[in-house]
Every structure is written in C-alpha cells, then in structure tokens.
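K.L.:
Residue numbers (the working numbering), protein chains in the order written: chain F, 1 to 143; chain Z, 1001 to 1156; chain R, 2001 to 2262.
Worth double-checking, as some hints may not be accurate.
[Said to hold, decoys possible] In silico DSS-like links for lysine-lysine, alpha-carbon gap of 25 angstroms or less:
| no. | chain 1 | residue 1 | chain 2 | residue 2 |
| --- | --- | --- | --- | --- |
| 1 | F | LYS122 | R | LYS2026 |
| 2 | F | LYS71 | R | LYS2026 |
| 3 | Z | LYS1097 | R | LYS2026 |
Keep in mind the hints are simulated off the structure, nothing from the lab.
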Amino acid sequence: MSLKIKALTKSIWVFHLAASPCNNCDIEILDLLTPRWDIERFGIQLVGSVRHADAILVTGSMNRKAHERVKRVISQAPQPCFVIALGNCACSMEMFGASYNQMHCLDEVTKVHAYIAGCPPKPEAMIQGIIALIEAQLAALKK
Amino acid sequence: MADEVVEGLKSKFGDAIIDIHEKSPDKTYVTVAPPRLPDVAEYLYKDLGARFSIASGMHMAHGFEILYHFALDAKHRFINLRVILDSEKPSIDSCAKRVPATEWIEREMWELLGIEFRGHPDMRHLLLTDDWPEGNYPLRQDWKDWREGGENGSEK
Amino acid sequence: MAAKSRTTIIPIGPYHPLQEEPEFFKLHVEGEKVVKLEIEIGYNHRGIEKLAEDLTYDQVPFLVERICGICSTSHPFAAVQAIEDVGGVDVPERAKYIRTFLGELERIHSHLLWLGLAGHFLGFNTLWMWAWKHREPVLDTFELITGNRNHYAMFKPGGVRRDIMDEDIPTAMRLLDGLVRPLNMFIKVVLQDPVLQARTKNVGVLSYDDCVELGALGPTSRASGVPWDVRRDHPYAAYDKVDFNVITTENGDVFDKAVVRL
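Next up, chain F with everything else stripped away, as it sits in the complex (with noise of 0.2 angstroms):
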C-alpha cells in the first residue's frame, strides 16, 4: 500500500464528480486547468472516467437524487484513491444542510481526506489544498 500511495503522490489524475453543485467549483477546477495557473504543469491530469482517477473532486452538497450516483462512482475507483472535498458545499452542505432534499454529507459517506474550505476556493486554495494532501500522505508514509 505506502509503495502506492507514493507512486499516487507523484502525478495525481483527478476525476471531478458534480454533485448537486451551483457550479461555481467545477468552473473554478476547471479554470485550474487554463494558462493562468495550468496545474497540468504539475502532472495533475482531469481524467474522463473514474476508474483512471488517483483523486476524486467532489463539489456541491449531494442532493438525495444525487446521493446513490455519487456513492456509486465513488465505489467505482480504484483503490488506493483520495477523495477531496471542495469547497464549502460538500465539506459541510453550508446553507443548505437543513433542506429537505439534503440527507447526508459527504464525509457520513465516504473517508474524505481533505477539505477545501471556500465559496468558491480560489483557484490557488485548490492548489494548496492539494500539495497540503500529498504532504501529509507523504508525512505518515515516513512514521
């Protein structure tokens, strides 16, 4: 497993799955991607499909029509594989926990293993908050 999870720190491709977003983080992971800040610079790749995904970007608060699909994908990807929470939506469904289409945030569904706080995360936010990941994995293969 550390042997894989340091090759996943190397060039992670990501899979960015939509659930019930406004749409403001998906334009920003996607604005990642454009010549200003061109994070494939860093090898971090938008994959099509989940089963090529290293990372998982999940945006929006998971609405219950959205929930079994998400679960689904999730399940889908390859194992060792980090789920990334972005932007305030999926860490804490925000504004709109206390809907009545709302049930479960993400992390009561799956492990997350990082949140990236902001309505929307700024582009560099989203950048930091993935170095923080890959730091911290790195961190805990060394102990």
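Start from chain F and add chains Z and R according to the hints.
P.N.:
Structure of chains Z and R alone, referenced to chain F:
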C-alpha cells in the same frame, strides 16, 4: 389604466374574469375563475402573442394560489393570471397541451405543492427522486421534514 | 437483421466527462439522427424555495446567489428587485449603474465561458484555453470591485454592498480595455474557422416557432431570430439609460448561438 389588453380579456371572457388589479403600469394581475384558465392562457398565448414566462404556485392561508406570468414584450408589460384553488383538494385543468411551455412548471408544482393538473400529458417527478413518498409535498405550509417527524425519512 | 429503422438508446449522464453538472439525457437515435430525447433533471435541486421561507429579506439574496455559480448576479438581482418592489424602496442611481455594470460584466465572462466550453466539447481545446485565458481579466475586475471572483454578494435590498472606489477605476478600465483586442480576435476566429463551422452549422437547430412555443429566452432565442430581450422590453436597473443593440441571427443552430454571444 384600462387598455385594450384588459378590455379584450373582459369582453371575451366576461364572467371568468373575477378581478383586475393594476399593480403598476406594466404589471396587471388578472384573477381568473379556475375552470376557464386554459382558455384565457391560450388566448393570451395564441391571439396576443404573449410569451409564457413562468408560473409560480404558493400555499397561502386562503388556499393555493397559482400565478401564470405572461409577458407581452412588444407592449412592455406583464399579464399575470391568478387562480385561487381550494386548500383541501387543489385541482385544475392543465394548460400544457395548449401552451406547451407550461409543461415542466406544472410537473414541478404538482410534485412540490400537490396541485393536480387534470389532463397533463406527462405527469412524472421532475426534480425529486422517483421513490419520493406519495402525498408528501414539501412546499406546503403544514409539511414536516423528516427531522421534524415527517415521512421523507433519511434511512438509506 | 432487424428492421431498417432501428432506434438505439444512448444514455448521457448523470456523470459524464462532458458535463459540468449532473443531469441525465437519454438520446433515442436512428443512425446519426436524434429522434427523441428524455431529460431527467433534479440532481441539483436543493429546496431553495423552502429554505428561503425561513430567512430574512437580507439573507435571501445570498441564498439565491447559490442557485447558479456562473450567473451569480442574475438571481440576487431578481430577488432584490422583488424585495424592493414589495417594500417600495427607491434605489440610488449610482447603485443602479453598479448593478447594471456587474450584470454586463458577468455577461462577458459567461459568454466567454460558453465559447470556451463549446470549443472544449468539440475537441477544439485551443479555443477553450484562449477563451478562458481572456476571461481571467473579467474575474480580476470582479475581484477588484466586489472582493471575490465569483459569488460577489454585491446585491442588497436597497442598493449594493460596496461602492466602486475611485482609485480602482483606472485598474478596472485597463483590464477591460485589454479585452477589446482578444474579443475582436475571437469574433474573427469563430466566424471564419472552417472546423467550427463544419461542426456547428446546421446542428441543433431551434426554429423560430419552436422557440416561441417553448418560451426560450436570452441568446438562445435571439439566435433563432426572436428579438426578445428583457433588458430592452422590460428595462430594470439602469438598462433604460444605456444604449445597446439587440443582436439576432436567423438560423438557430449552434453556430448562430456562438455568433449572438460574441
């Protein structure tokens, strides 16, 4: 400001027009008797070339109120058709066959408010899950969430 | 062999690489032609109407802002105007102009975003990268004026949350002036690019009649030749005081939808 649109409605539908309220120069609220609503809506849409903008439903103290908002863009004004339905068993004829743009919003009003649209061509859940408990309409005033002991339980 | 006209069902979504948000399309296709489409939405339904019932008038604009992240002026704009209409509140002229300015700025960013994504979906990633590169100055202007790149929270019943500072204006002008050249370039590129034309001309045509029947609005209807523009027909904020053209095209295909946006 009684103008030709309002006069036309009055002369054509007579008794069906219960009340006309000029909120502002460009917004007119016309209360219509529920059985004639599809006729009035069709007249606005087909004969006057109005654009159906959106409908909004509300659960008020005196019953369910639906507003069908029509925009007459060339005349720079809005005509809002208001119908008031009974609280106990709200039911109205659907406009969806005559004004196709109303199809989705009627589906939404049915699932969130529990207003029955008679003769709607395709009445399925629009926003909520297909296994949403029946007779459970979240936008009603007396509706209870599962946290308050309602039936749309969270056990999944 | 089965009968000649055979319908294949292609499901797209709810999680599909091309979609930024979950929705489910079921395409019934015969060969290359889509004959029927079933749409299943509701993956984003968060019960905002019910939540708003519990909030004060001051809080509602911040909630409805989260309906859509790309158009985060439109919904609070409508909400504050409704609240002002109910309360009979007069809005200062300057606030009206600031609102209009934000709305139009957002139009630029949203149309560039659309153009970029359209390029991305066609596999023309260069257009995506370029369009989004030149979208950044717009977001910078937003950050300068409102403090955030998206979800500006600028709308308050009775006015706006922040004024535009005098010392910020030169920077904003510089950023926006810098947009003119790239935008002209996009107009040239998109209108003349043979690949884009081949992929989008006569694709997804929405006819004039269908458009009227379904009550489509905005760039979608203007691309079908329906000259509806709420900003002109039912002016709000300062739109009756600024001069602009309503651009319409006739064909209603995807190409024309790009043209009206540029």
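K.L.:
Check the structure against each numbered hint from earlier and tell me which ones fail, lowest number first.
P.N.:
1
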